[in-house]
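In order, the protein sequences belong to chains S and P.
Residue numbers for the first sequence follow the working numbering, so the first one is 1 and each next one is one higher.
Residue numbers for the second sequence follow the working numbering, so the first one is 1001 and each next one is one higher.
Derived list of chain S stretches under chain P, where covered just means 3 residues or more per stretch with a C-beta under 8 angstroms from a C-beta of chain P: (1) 58-72; (2) 161-175; (3) 190-201.
Everything labelled a hint here was simulated from the structure, so no lab data went into it.
We put the beta carbon where it would ideally sit given N, CA and C, even for glycine.
Chain by chain, the residues run as shown.
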Amino acid sequence: MPLPRRHFLALSAAALALPARASAAPVIAAAASLRFALPVLTGAFTARGGGPLRVTYGSSGTLAQQMRNGAPFALFLSADASYVQTLARAGTVTDEGTVYARGRLALIAPKGGLAVDGAMDGLAAALETGAIRRFAIATPDHAPYGQRAREALQHRGLWEALQPHLVFGENVAQAAQFAISGNAQGGLVAASLAAAPAVEAQAVSARVPESWHSPLEQRMVLAPEAPATARAFHDFLLSPPAQEIFAAHGFAAPEPA
Amino acid sequence: MDWPALWLSLHLAGWTVLLLLPVAVFLGRFLAFHRFAGKGAVEALVILPLVLPPTVLGFYLLVAFGAGSPVGRLWESAFGGPLVFSFEGLVAASVLFNLPFAVQPAQRGFEAVPKDVREAAACCGMSPLTALRRVELPLAWPGVLTGMVLTFAHTLGEFGIVLMVGGAIPGETRTVAISIYDRVQAFDMSGAAQMSAMLLAISLVTIAVTFRLSERAGRRLS
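Please model the entire structure based on the sequences and the hints provided.
Below is the structure:
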């Protein structure tokens, strides 16, 4: 019965022939709010002679937790300051990082639905009439945009009334996907996601006043052993061309120190 | 279509099958032919990953393999990189998670080998290894192969554990199942649809193959 042996050999050969490491390009861990800006930024970086980079997206809390557990991230782009500071206190990184952009919160809704305005009057009215069944935000437990969404809704006095309607995305990109999928009447997400062409085609959005929530001071921090390519990318993100890309994607400039 | 992710998943599935094949043959055979105190406990442990939520296994692996754990530190000092958030970590997780899928069908396969046939092999003076190769495996192989096919397909679809201990690093831990999740969050529904269709097709083929194998095994023994 030669069959099993033949299968075994074919299988072993196939498995062993595959190299484990696809590439050694440094890994950038990026907050989900950067989902649409970062591909443009890495493209501009490589066009200027920068080396290849690999990017993984998630909520800042998830990424910080992974980095603390030994994930091989060369550069962590957080959506706020707190997770970078947590990593610095834990000794995972050696400094409290640099602000590369300020995030803005946006109210978003599928086209033809909720009346969208930055002051959330349309949302308040829709809540009164019972037109809101589901409303999406990122989970406040480990996503900075979720925390700011909660603050803004509390400021506007809508947090309590929205409780039975909230659905939580694991990160802000998932919240945005929930908000415009047609399964929810709207959501509070990153302005950088609301401004993306793929989202703008299906949704309307308006920026929420920045004073309604604590700042989204998006910080980045290098791993102590980060390779030169990651360090070059870190510096590139603070350069005028990169800052223009951030601005074009719905981010505000970092405030002068 | 995220080809590197599909390639990575196939690679992961290949390693998982390769590592589990000897385990399935020897543990499956052992459990099929021997009675011993605590056998029930061993069998329960083998089945455990089947009912355990993947996130629970992922959590324990994170704790056991993480940078702060003794295993994680030992691994890091030996290989210069962390075990979690690496391809090797995914292979380790995958081997544990697929234990029931590989061992159970193999055990059933060996259990179906009639006792008088095994005794006849022993009477002929065959060593246990020769008996395994010449008598038992030719009868039990549909079970073993079913286990391997299930393991392979199951690894392609693994999500919860990979999400917990993977970190979605392109080319290293971003498997095809994670990539589908990722594409949806990037509002790339057509990319997600292509990869989902691919996994659906692979799953259907897997079911067809396992049905065919168990039919063949049934015919042989009846």
